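Q: Taking the hints into account, I'd like the entire structure generated from these sequences.
Residues per chain are reported as follows:
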Amino acid sequence: MAQDLKKTYYIFDHDEAQPLEMSEEKRPGIKHRVSSFLRSRFAIMSIAFSIAGIMIFYRTAALQLDPGAVSGVSESSGISRQQVIQAPRGDIYDASGVALAYSESIPVLFLSYAGLDDESLNTMLLDLALTLESYGVEIDSELLDYFELDHTSCDHDPGEGQDCGIAVFKKNIEEVKYWQSNQNLFALKEIEKSTKSDFADDYVKTDPEEFYKYLLYSKYKIENYESDGLRYSREDALRIMKLRYLIMKNNWSFINGTPVEIARNLPDELISLINEQNFRFMGTIIDYDSQRAYSDQVRYLSHVIGYIGRISSSQYEQLRELGYEPDAMIGQAGVESSAERYLSGQNGVKPYNIWSVSAENGVFFPQSTGKDAVPGNDIQLTIELPLQKLAQTSLEQVIEQIRNSPDNKNKGDADAGSVVVLNAKTGAVLAMASYPYYDPNDFLIQSYDEEAAKRVSQYLQDNDQKPMMNRAIMEIYAPGSTFKPVTAVAALESGAITPTSSVIRCRGSEVIGDWPWRCLEYPVGGHGDLTLTRGMATSCNMYFYHLGVKTGVDNIDYWGRKLGLGELTGIDLPGEVKGYRSSRDTKILLRSNPADQIWFPADTCQTAIGQFDNSFTVLQLARYTAAVATGNLVTPHVVSQVIRHDGVVIEYNNPEPQPIGMEQTTLDAVREAMVAVSRDNEGTARKYFSDYPIDVAAKTGTAETGKEDVSSSNGLFICYAPADDPEIVIAQIIEKGAWGSNTIGIAKNILDAWFGFDSDGSPSDLVSEPAVSGLGSDTSENEETEPN
Amino acid sequence: MPNTGFEQLKSDTFFRKMDYWMLVPILSVALIGLYVLNRVLSSGFGDLYPMNIYKQSGAVLVGLIIAIILSLLEAPTLRLVGWSVYGVSLLLLVYVMVDGYSLSDQWGADSWMLLPVVGSFQPSELAKVGLAMVSAQVFEAMNKEKFNWWQGGLLLLAVYAPPVLLIMRQPDFGTTMVILFMFVCMVFAWGIKWRYVLLGMSAAVIAVPLAWFFYLGDFQKNRIITFIFPGHDPDASFNLIQAQRAIASGGLFGNRSGNSVHVPVKESDFIYTAVSEHMGFIGTTALLILAFFFLARSLYVASSLSMERPSAAYTMVGLTAAMAIHYIENLGMCVGLLPITGIPLPFVSLGGTAMIVNFISLGVMLNLSVERNILQKE
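Just so you know, the sequences run in chain order A and B. The opening residue of the first sequence carries number 12 in our numbering; numbering runs sequentially from there. The opening residue of the second sequence carries number -14 in our numbering; numbering runs sequentially from there.
By construction, these hints were calculated from the structure, which means they are not laboratory data. Nothing here was measured: the structure is a model prediction, and the numbers come from that model. Just to be clear, a hint being listed does not mean it is correct.
Stated by the list, open to error - If the Cβ cut is set under 7 Å, some of the chain A residues that face chain B in the computed set are:
#1 M56
#2 R70
#3 L74
#4 Q75
#5 S283
Virtual Cβ for every residue (Gly too), placed ideally from N, Cα, C.
A: Below, the structure written as structure tokens:
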């Protein structure tokens, strides 16, 4: 049977070709196989289908890869243009990767020029406005600030009000006149006193109803004056006017193809509705704008993070070459500003297509001609968020406590302060608190949140409290007794004393450097013989006056500079100030009268205890404390690494600590003296640290401000721990804190948290207990008012 | 004759005989389709999503099961299935003509019926499968010289005329063209002499203007005018232009901008534009290679069946041709090479019943491929 089939098959399928194939079968080879393949009708069909497939493939690929080459598409009545894609700004993380600042994608509705005439544009805009309203999206048009339809006199609910709204101006007539005559808006002419304007002319309309008619009939051509009857209700006409006003405000760029923003934060259903029906809403485009967002935690480190804001004209002048747009948002403070070049990405370009009535020749931009936006790099900070939070809250609480417990020296006026916590060995900033502070979120939401806008203007205008100022790096303070370790270092290094022979007698009252001084603790009889250790522990000024004179101001100045005081620390935050190191040169620099420029030996005494011209930032104090702890000068930094958007770390920030060149014996002697401050029976920090599980090398300081008759002295404190192998360094100040020892509670909380000592319970207890008990009771450490 | 079907399953492993070169490409095409449909359906369909994508996935599964069951049948049973499908489709075509349910207001042609559970259904889809299976037997009979050419011709006319007339009456221009193409391919494979082929082509050239003036309605003419002169009628060219925009927006890897181009009926007739939008050049190329490889493979299987089992080969050619013209016409219209007709993309477009009918088609083809593989082995 199979044989049969074969026979019939040949008869029907290859009747004509039969003889030829028979003859070729004798000569098998590639030629034969090809020709027999081609003679198969199945093969012919296969080839035909494949040719069709290849044509489809070619055509598809041509559209996808080079649409410009395809005719027909460019004849379309759609219009395609290009639009900028905002690159998302990089995120900012704390040391353990908690996101503090990030970017959110916000849907934005744009309207682009689609060549519609007034009539169809108005119809479309009403449709769009009603659609947006039905989804609860608000259109924010400035028109309503000046003009609206008032329904209060209507006898029905405002919501259903249709035609009875009375046109009113919402501002006084002078502002309305000025607004109407704005050349970029209505450009109406000022009216002469005698004449009265009606809607058809081009004079300023003082009658709201005439203005309404002007918009209705002549400006926006919503209704035709000649025809009978009205097409739209007054409410609907106002809806159209709102949108027409938005377009008019940007008319020039609108006509030139730049889309005008209509609304933000659209709900998802509305986005898909508009995308699907873009032929109904001609010219609409949905785009996604990248917007900065801050976590709630960010208020604990507002001064480190900073905030972003609209580029200023002077910033634009500088940055325009880097491709910034005149409306760009850039970092204005903190890391947002200092790491701007890492955080900002590169904007891309994207084609957009709208459906339009006109047969204008648009260029079709395929996806491949667009340029993707390159997201900004992420920044990881060295800040440990829990420690930062603790520092900020402790600072706030301790300031509050000091205010609430005034005494003879504490006027209860403490109102500001700063804390800096450094990694002793690397200089990484673990925490940097400043009080008062601001909430960076307010800068982001001020455009639509009135409360936030009020707070922002308060931040910026409060010249008394200066909440915008990062007190850790932007404000300089006299260090007071926290400077004494510098004098000690200078004395030891210059050979004025040695670790084994450092005894100086405090007589209670004595003339040193041509000036009569008194010991504040024992004015009569004095401390007696003091070693460096005991002099430091009791913070006896007489000891350091003598030591200063013995060492000489030039040596103190030299070692002060080596320890980084009065020098920029080089921290990666903007706005750092340098301060002054008390010296002969500084005295000349700061005083214009030649008679005041002469250096007196008493000035040396003042300098030795951290007064006179000495003024440093809290960060400098922290850095110098780290230097006496380790012998190396670190570069404080808050950025630990820069991470590209794909996760690759492109930059590690590990500045190398620089050796200062101090003798080990000097370091040991100063350490012993500073440990005595916290351990010794007479130590000024003994109340907090006498029983502490680890040795804390510390120094308190109460700095005169020269305004002691009206306000309290500043309270300062520096420390590092553990004393034998320093891990962290703390420097802090509370302005008008009255006593250096008043502030120690903050440092103790931080040390407890860092080393995991939580015997006293919750952090807030840790603050209140010791801080309150220490207030005002510590009189062992006082400084003399500046004599001249 | 070797044992086939269930008997074969007992003695040999059936799945070893399955032609995976046919099954796997089609399953891949169906998966691409589900992926793209999920993206398309997820926006703009409101409450219908995700039920509609579940239904579509269900249809693929049910279709696959039906295809496998069909491929297990023995040759005589399959012949019976062919006649049943043909008969049922005829009945349904009559039914849609008289039923009260018409979607003509909605979709422009009265070719649909509403079934419980499965939803809307186009009986003409099923008619194609029935015709391919039944007419192949006539061709084989002519092959074996049971009938001479005019007897066979009359018989073919008797088989083709009822469904085609019913479909033309709907009117469903697209399906009529598909059936015509299928018939032409089967005649060609059967071995009509080349001079008749040339004659037929000349006749077609003459028939086109005739059809233009006497058969085509304004609706169909408009589609063709639009195709030749885009921009003639903005409403009609809207589809064509938007389709090309959507394809172009895909680029190499797909349109990632989030702004999708609006194309009417993107989920069914214009699904190819969505494939390009969501998968770009990579996706469309994969789809084309898979589909056209499947067609070539089917024809190869048909050619190797042609000696021992002519009727199987003709059925295969008929079903392949129907599927091929679907692919070519649908893709061609999306890229602007062919006029717009309401022909969906097999195994991809949204529509559960169309998917199942396509799988029935595939099941029959797989059945024949099993037969061919068994024949080859012996």
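Q: Each hint needs a verdict: does it hold in this structure or not?
A: Hints, one by one, checked against the model:
no., hint, verdict
1, M56, "6 Å, holds"
2, R70, "4 Å, holds"
3, L74, "4 Å, holds"
4, Q75, "5 Å, holds"
5, S283, "4 Å, holds"
The structure is consistent with each of the numbered hints, conforming to all of them.
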